[in-house]
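Peer 1: Protein chains in written order, with this note's numbering: chain A, 41 to 800; chain B, 85 to 255.
By construction, these hints were calculated from the structure, which means they are not laboratory data. In this text, all values refer to a predicted model and were calculated from it rather than measured experimentally. Just so you know, not all the hints are guaranteed correct.
Derived list of chain A stretches under chain B, where covered just means 3 residues or more per stretch with a C-beta under 8 Å from a C-beta of chain B [what the hints assert, rightly or not]:
{"#": "1", "stretch": "75–86"}
{"#": "2", "stretch": "257–264"}
{"#": "3", "stretch": "310–321"}
{"#": "4", "stretch": "529–539"}
{"#": "5", "stretch": "689–697"}
{"#": "6", "stretch": "701–709"}
{"#": "7", "stretch": "722–732"}
In silico contact screen, one side only, chain B against chain A (beta carbon under 7 Å); selected entries [to be verified]:
{"#": "8", "residue": "GLN101"}
{"#": "9", "residue": "LEU102"}
{"#": "10", "residue": "PRO106"}
Quick reminder that beta carbons are idealized off the backbone N, C-alpha and C, glycines included.
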Amino acid sequence: MSTMKSAPPSSKGKGEYRVIGTRPIRHDGVDKVTGRALYGADLQLTGLLHGRVLRSPHAHARIRSIDIQKALQLPGVKAVVTAADFPPAGDKVEDLGEGTVKLRDLCGNILAGEKALYRGHAVAGVAATSPHIAAQALGLISVDYEPLPPVLDVRKAMSPEAPLLHDDLFTDDLGEQASSPSNIAKHLRHEKGDVGEGFKKADKIFEREFETAMVHQGYIEPHNATAHWNADGNLTIWTSTQGAFTVRTQVATILQLPISRVKVIPMEIGGGFGGKIPVYLEPVAAVLSRKTGRPVKMLMDRTEVFEGTGPTPGSYVKIKMGALKSGRIVAAEAYLAYEAGAFAGSPFFCGMMCIVAPYDIENILIDGYDVVVNKPKTAAYRAPCATSAALASETLIDEIAEWAGQDPLSIRQLNGAKEGTRRADGLAYSRIGFLETLDAAQAHPHYKEPLKGPYRGRGVASGFWFNCGLRSSVTASVNPDGTVSMIEGSPDIGGTRTSIAMQLAEVLGIAAEDVRPQVGDTDSVGYTDVTGGSRVTFATGYAAIQAARDVEQNMKQRAATLWEVAPDQVQVSEGVYRNGKNSLTFKELAAKLNDCGGPVSGQATVNADECGVGGGFATHIVDLEVDPDTGKVTILRYTAVQDVGKAIHPSYVEGQIQGGATQGIGWALNEEYYYDEKGRMANSSFLDYRMPTALDLPMIDTVLVEVPAPGHPFGVRGVGEVPIVPPPAAIANAIYRAIGVRLHRLPMNPGRVLAAILGR
Amino acid sequence: MAKNTQLSFVLNGEEVQLLCEPRHSLLEVLRDILGLTGSKEGCNNGNCGACNVILDGKVVNSCCVFGLEVQDREVTTIEGVATNGELHPLQQKFLEHAALQCGICTPGFIVAAKALLESNPRPTEADARLWLAGNLCRCTGYDKIIRAVLDAAAVTSGEVTPVEVTAGGRK
């Protein structure tokens with residue numbers, strides 16, 4: 041259950057919305073509780089073949105040759121593909137709309153070329169008449185590998201002596217290209233003020249090092265893709281993805297096809313958290329389909345998901361802060377190195393942006409590094425790189441609070457960022473609600489109630505995520521019964537059909553239930569960027585508002601025609617159209633549209649960055665108990681406070697916070713990619729990669745603080761990502777209070793906690 | 085290739101007959117042969133519960149049962165939970181409590197929770213958390229799922245006094 045605290049909204053006061061802030065049942069709900077909703081793996085097509093992928097058993101190996109002949113001879117096998125079946129990538133650099141990528145890297149992660157760069161790296165694909173035959177055929181493919189020494193640790197990979205993954209990777213060092221190849225792909229820097237001068241002013245300087253391992257998003261639905269390359273040269277792909285349009289771009293780029301030849305139909309998606317943005321199976325299924333002339337469906341098993349898809353980077357973070365006796369922080373310096381995995385391009389810059397973003401610090405220097413290692417190519421994971429960055433900054437601030445004799449929330453109040461505060465990367469905040477989250481945490485019964493008992497501790501931590509805007513499209517068509525059919529381009533991972541439909545309904549003055557939302561494919565709705573960056577309710581919602589305004593304009597014109605007045609003489613309020621004594625509700629007018637000009641639809645494609653994205657802040661409080669005999673940590677109580685801007689559907693906002701906090705708890709206490717010295721992941725199953733279960737947790741209490749984002753008509757801020765940022769630091773701080781030792785490495789599993797207790 | 089073998093069992097109250105290979109799991113029989121895709125594959129080794137079905141009154145991971153093992157037995161899947169187009173109280177409460185986000189684990193949770201309520205009509209929060217520990221959800225943090233199950237139990241048992249929950253912390 042959540043409590044809500046609202047600051048005065050920008051346009052409308054509390055209670056003035058009719059739809060926004062209510063909790064309607066989601067439109068796709070019945071299909072999802074009855075098993076009728078169709079996810080990617082549920083697709084059946086006539087003549088369907090089944091594909092599987094052969095993966096490298098080595099973390100680093102040269103591929104001398106691949107012999108597919110025996111596999112092809114197995115009855116039921118229809119085709120085998122390797123990297124040789126793909127168009128040559130050359131040295132092209134492609135713009136995917138969310139940054140550029142070397143085509144060779146993009147293709148190289150789909151099927152390995154000259155080298156396998158991680159265990160689980162795809163090497164070949166097979167299509168057969170059944171999944172079992174396809175799996176059997178994998179064993180008949182003979183690959184001649186020359187194993188090479190792997191490099192598995194971010195700092196070791198940065199050493200000049202480290203084995204090189206790519207002989208054509210030259211460090212982009214602050215814009216200058218290095219002269220010899222290296223595993224360091226990129227070095228960026230943010231600088232504000234003069235840290236040297238800042239540290240001179242400090243009464244005390246604190247410096248600590250932190251390490252985190254790779255962790256996986258852990259969505260329950262494995263990756264899947266079905267492709268049909270038709271005889272007319274058109275390719276159709278059905279897949280569970282966070283973005284049909286990004287799949288289209290990637291597939292067209294890899295296969296070097298005109299984008300109009302590729303149609304992507306997004307199926308229901310069983311979780312993504314950033315991991316279902318890159319393509320893996322789609323291009324392989326496409327080429328297998330081209331070879332066989334039949335549709336090909338490919339599914340990953342769980343081990344393939346762990347070993348062959350993109351987790352979030354492991355990291356090494358060194359952080360230094362200088363503070364005055366008052367607790368005011370005067371300088372901060374951070375060095376962040378992130379594992380990109382086998383190919384360059386981790387979201388390391390997000391960690392740089394977020395590490396001290398909640399604080400107003402005069403002097404800041406941040407260096408960040410993107411480093412390749414022999415592990416899977418990383419992908420986004422909920423506020424990518426921000427959680428490991430916050431572990432460092434929020435633990436250090438806790439230490440400074442203790443030294444300064446201050447309450448941990450008060451020291452954050454003292455240093456907290458507000459409107460106008462400039463971050464090290466240059467951006468100045470518009471209206472933000474960080475201080476309001478601290479106030480709400482301070483006032484919460486959880487924080488006021490003393491925590492008693494041995495080996496128990498309470499910790500707090502805050503977090504920031506910048507949230508994304510990007511591009512979205514919505515089409516709305518008025519039906520004669522007064523309902524509106526709405527097509528939007530954002531795959532719905534967590535109830536966003538409804539949060540978008542509610543915004544459309546609010547503008548039109550109709551009920552949420554009177555909107556019929558659906559997610560469109562790439563041929564049926566305007567361009568829409570991925571479901572990611574906490575952007576959908578904000579940006580696609582903004583598109584829905586604009587589409588609704590378009591509908592409203594058209595409806596006004598129709599009413600004007602009906603009443604034989606000028607359109608500007610028609611007034612609209614809460615879905616009622618009026619002119620003098622004439623008045624029609626939206627529904628009544630919808631029924632008359634054929635008498636006054638025909639059906640009405642509205643459309644909008646927006647770049648939501650233009651309306652100003654509101655950053656998100658959260659402050660979490662956790663109580664826990666450590667078992668001194670085993671080191672096991674039990675979460676006793678958890679409260680997550682977050683500035684959500686405006687909660688469109690509060691239940692799903694709470695759900696985002698509870699889910700994000702829980703992923704953070706898992707990351708803090710158990711989850712990690714555990715590798716042996718040869719680079720083999722030792723825990724690639726759900727049993728061994730231990731995500732939180734219902735038994736591990738209490739209820740997660742939420743407080744929705746509403747400080748409206750200035751740019752959005754309803755004040756919406758993205759809410760999905762920031763809740764994963766504070767938990768590991770909050771838990772580390774609580775463990776310190778429970779056992780008197782600060783842990784600087786994730787996960788804080790029983791072994792590490794016990795070692796800390798024994799080493800006191 | 086292994087030979088197809090005849091299999092008959094009672095599925096959601098009706099007898100079905102089909103041919104399957106001995107290596108086919110019950111999950112494959114349901115999804116690939118019968119086209120009942122409500123049961124999901126999340127791990128194929130019994131770790132996640134997305135494929136839960138009720139076999140002779142007990143919850144099982146259908147990915148870990150061979151199809152041929154259910155000969156002459158009774159299987160209830162998510163497709164059999166709603167009756168005559170009417171949602172089961174669990175399904176209704178999952179919707180009201182927003183106890184699903186992506187929805188992929190939802191069929192497994194509802195099937196497992198149905199078996200819970202059949203064996204323990206008025207579970208405590210701890211009972212529900214223990215029973216459902218074999219079902220992984222990565223989206224919700226379980227809070228709303230547990231509330232939905234406890235609320236559904238109030239409906240199915242007719243005992244409307246709410247049970248105490250750990251909102252505000254474990255004691």
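Peer 1: Would you list, in rising numerical order, the hints stated earlier that this structure does not obey?
Peer 2: The structure breaks hints 8, 9, 10; every other hint is satisfied.
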